[in-house]
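The residues making up each chain are set out below.
There are 2 protein chains.
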Amino acid sequence: MDSSLENLIRRLGRLPGLGPRSARRAVLFLLKNRDRLMLPLAQELHDIARTVRPCVDCGNLDTADLCHICRDDRRDKSRICVVEDVGDLWAMERAAVFRGRYHVLGGTLSALDGRGPDDLAIDRLLRRAQAGEVVEIILALSATVDGQTTAHYIAEKLAPSNLDVTRLAHGVPVGGELDYLDDGTLAQALKARAKMN
Amino acid sequence: MDSSLENLIRRLGRLPGLGPRSARRAVLFLLKNRDRLMLPLAQELHDIARTVRPCVDCGNLDTADLCHICRDDRRDKSRICVVEDVGDLWAMERAAVFRGRYHVLGGTLSALDGRGPDDLAIDRLLRRAQAGEVVEIILALSATVDGQTTAHYIAEKLAPSNLDVTRLAHGVPVGGELDYLDDGTLAQALKARAKMN
Ligand SMILES: [Zn+2]
Ligand SMILES: [Zn+2]
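Line order of the protein sequences matches chains W and H.
Going letter by letter, the first sequence gives residues 1 to 197 in the UniProt record's numbering.
Going letter by letter, the second sequence gives residues 1 to 197 in the UniProt record's numbering.
Calculated directly from the structure, the hints in this document are not laboratory data.
Just so you know, not all the hints are guaranteed correct.
[Unchecked claim] Rough simulated footprint, nothing fancy, chain H against chain W, three-plus residues with beta-carbon under 8 Å:
1. 30–43
2. 82–89
3. 106–112
4. 168–180
[As the list claims (entries may be wrong)] Pairwise CB distance ranges (calculated):
5. R53(H) - E93(W): 16 to 22 Å
6. Q43(H) - G176(W): 42 to 48 Å
7. E6(W) - L39(H): 52 to 58 Å
From the three backbone atoms N, C-alpha and C, an ideal C-beta is built for every residue, glycine too.
Hey, can you work out the whole structure from these sequences and the hints?
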């Protein structure tokens, strides 16, 4: 194979979800659609690598200093939803149930990976929380040990304030079958059971 | 989401093997690796879209008019392996068992898709076959109705010549389990059974 094609396939194959086989298929597909797909994709990758940056307020990714969510006056300034990364922010936005603002931590505390509070955007969150208009901080972090450690750490830091600090409910995922769930989830779902009548 | 990011995710999601979910993960991964991955990828996509073209002899993709296989004097000029597309050529090369040259047809004859002989590189194959140094044409086409129709069409066209026209053997794939095979393959494998002693 031509070495430039080999390099492109190797590079594409490093993307999550693309192995060598799908990278090869992708390159052939791109070469069949040069004007409609390959060249626009090259241009977009170049432009976005140069222009997209973290929002100075919340850490969301955007082409402007202040992201479109923080710029949007119709969004509720009184509630901040804390997420680990931008992927989680996107997931919340797709669910379209939260109309407040976000705060991207940039990960969780992790003893194993050596990530402490200074490696996350926690200080900036505490400053935003003191802004006066904020009434609730929703900790939408993973239900993992590291996620929950991080949630408790932040909740403690926020304790002196008069803010509501909440977390997402645990329970059975919608459409989830019981026998695929781990015991912890089942226990939490039972404890938080709701009346049906 | 920022509209430029939305566009990039939509475009990446059109690649075979990448759905919307993996396209989102890929974009976040690219943004985390801008200098090492995103910008080089943009450059390679741009350069390859501008420079890679079909080999004038065999139809393989390369940055030169004559591909590196056709340029390679150590390869056997007397055997031409006919494949449907460049992906199949790459698969043969990965297997590293064929040291001759190739001919990329650009698909198969197809009544359903309205592809006739003039839509494939068949005339060029017949010209190459008459070049004198060629002794064998190997038809490495899919074992589908369209693939076999195409193989028979080409074999007929080559009948007046004195060339060997061969096709790949049918049989049980190496590592394949019998009860996953279709009846046709099993029948062919039985018919072509080989002595073990
Ligand atoms: Zn923002
Ligand atoms: Zn060639």
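Assertion that chain H covers the region 168–180 of chain W - criterion: three or more residues, beta-carbon distance below 8 Å: Answer violated; 0 residues pass the 8 Å Cβ test.
Quick check: do three or more residues in the region 30–43 of chain W have a beta carbon closer than 8 Å to a beta carbon of chain H? Since 10 is at least three, the answer is holds.
Can you take a look at whether the region 106–112 of chain W is actually covered by chain H? Rule is 3+ residues, C-beta closer than 8 Å. Violated, because only 0 residues of the region 106–112 of chain W bring their Cβ atoms closer than 8 Å to Cβ atoms of chain H.
Looking only at beta-carbon atoms, does the pair R53(H), E93(W) fall within the given range of 16 to 22 Å? 42 Å, violated
For the pair Q43(H) and G176(W), does the Cβ-Cβ distance stay inside 42 to 48 Å? 44 Å, holds
Just tell me: holds or violated, for the beta carbon distance of E6(W) and L39(H) against 52 to 58 Å? 19 Å, violated
Within 8 Å of chain H (C-beta), three or more residues of the region 82–89 of chain W: As far as the region 82–89 of chain W goes, the hint holds, because 3 residues have Cβ atoms under 8 Å from chain H.
Going down the numbered hints, you'll see the structure goes against 3, 4, 5 and 7, while the others check out.
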